[in-house]
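Colleague: Protein chains in written order, with my numbering: chain A, 1 to 115; chain B, 1 to 115.
Honestly, the hints are just simulated from the structure, not real lab data.
Misleading hints may appear alongside valid ones.
As the list claims (entries may be wrong) - With a Cα cut of at most 30 Å, we get these calculated DSS-like pairs of lysine-lysine:
no. : chain 1 : residue 1 : chain 2 : residue 2
1   : B       : K16       : B       : K102
2   : B       : K70       : B       : K3
3   : B       : K102      : B       : K38
4   : B       : K102      : A       : K79
5   : A       : K80       : B       : K102
6   : B       : K16       : B       : K38
Each chain is listed here by its residues.
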Amino acid sequence: SQTIHQWPATLVQPVGSPLSLECTVEGTSNPNLYWYRQAAGRGLQLLFYSVGIGQISSEVPQNLSASRPQDRQFILSSKKLLLSDSGFYLCAWSRDSYSGANVLTFGAGSRLTVL
Amino acid sequence: AQKVTQAQTEISVVEKEDVTLDCVYETRDTTYYLFWYKQPPSGELVFLIRRNSFDEQNEISGRYSWNFQKSTSSFNFTITASQVVDSAVYFCALEGGTSYGKLTFGQGTILTVHP
Numbered sequence: 001s002q003t004i005h006q007w008p009a010t011l012v013q014p015v016g017s018p019l020s021l022e023c024t025v026e027g028t029s030n031p032n033l034y035w036y037r038q039a040a041g042r043g044l045q046l047l048f049y050s051v052g053i054g055q056i057s058s059e060v061p062q063n064l065s066a067s068r069p070q071d072r073q074f075i076l077s078s079k080k081l082l083l084s085d086s087g088f089y090l091c092a093w094s095r096d097s098y099s100g101a102n103v104l105t106f107g108a109g110s111r112l113t114v115l
Numbered sequence: 001a002q003k004v005t006q007a008q009t010e011i012s013v014v015e016k017e018d019v020t021l022d023c024v025y026e027t028r029d030t031t032y033y034l035f036w037y038k039q040p041p042s043g044e045l046v047f048l049i050r051r052n053s054f055d056e057q058n059e060i061s062g063r064y065s066w067n068f069q070k071s072t073s074s075f076n077f078t079i080t081a082s083q084v085v086d087s088a089v090y091f092c093a094l095e096g097g098t099s100y101g102k103l104t105f106g107q108g109t110i111l112t113v114h115p
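Chain A on its own, in the form it takes in the complex:
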């Protein structure tokens, strides 16, 4: 069966510090990978998605970047965090399918607080 892991689960960082959130998927190959952010009291917003190694698409211009160094690894980074980067970050995966209706399976999330 497939599993998705995210870490760290909780992170408190000062403004201006770097960030690295990691996500890995097991039990599948060539998944589509996604980073979503959930700001307090709001819905989820897609930040990045990737259909393959080194292929990253950004949905929202911002202070963050993503990388996919391996097939089942997806990393969310920042060089200098802003207060507005605080939120709950969720990694998700879906099967590589062009038939539409990809069911996303989400990780447990990483809660980031920037002080």
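Place chain B on chain A using the hints.
Modeller: Frame of chain A; chain B shown alone:
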């Protein structure tokens, strides 16, 4: 542009009451997919249902039922005989026919079921 509106920010019910969560969507795509996800206090999103735009048949799964009406662009979710374990944030989401996993989420409805 796609949009999902969940007008009910918070709903509070007593156990065994029926409760309906509303979802209204906007899209120009002729083919699209609708989803409901549950986010319990742990934070991880749990997939509940997927519906494509050509299938307006209502669906029932145990105490859960979904009413999809294209004429009103609505995809409402009803929980019958609610239980305390149903307490969570519920998200409705929309995926355009060619958006492959890039979901547009509503703001979510916080459901609290009191014993």
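Colleague: Against this structure, judge whether each hint is valid.
Modeller: Here is how each hint holds up against the structure:
no. : hint           : verdict
1   : B/K16 x B/K102 : violated, 35 Å
2   : B/K70 x B/K3   : holds, 15 Å
3   : B/K102 x B/K38 : holds, 18 Å
4   : B/K102 x A/K79 : holds, 25 Å
5   : A/K80 x B/K102 : holds, 27 Å
6   : B/K16 x B/K38  : holds, 19 Å
Hint compliance for this structure: hint 1 alone is broken.
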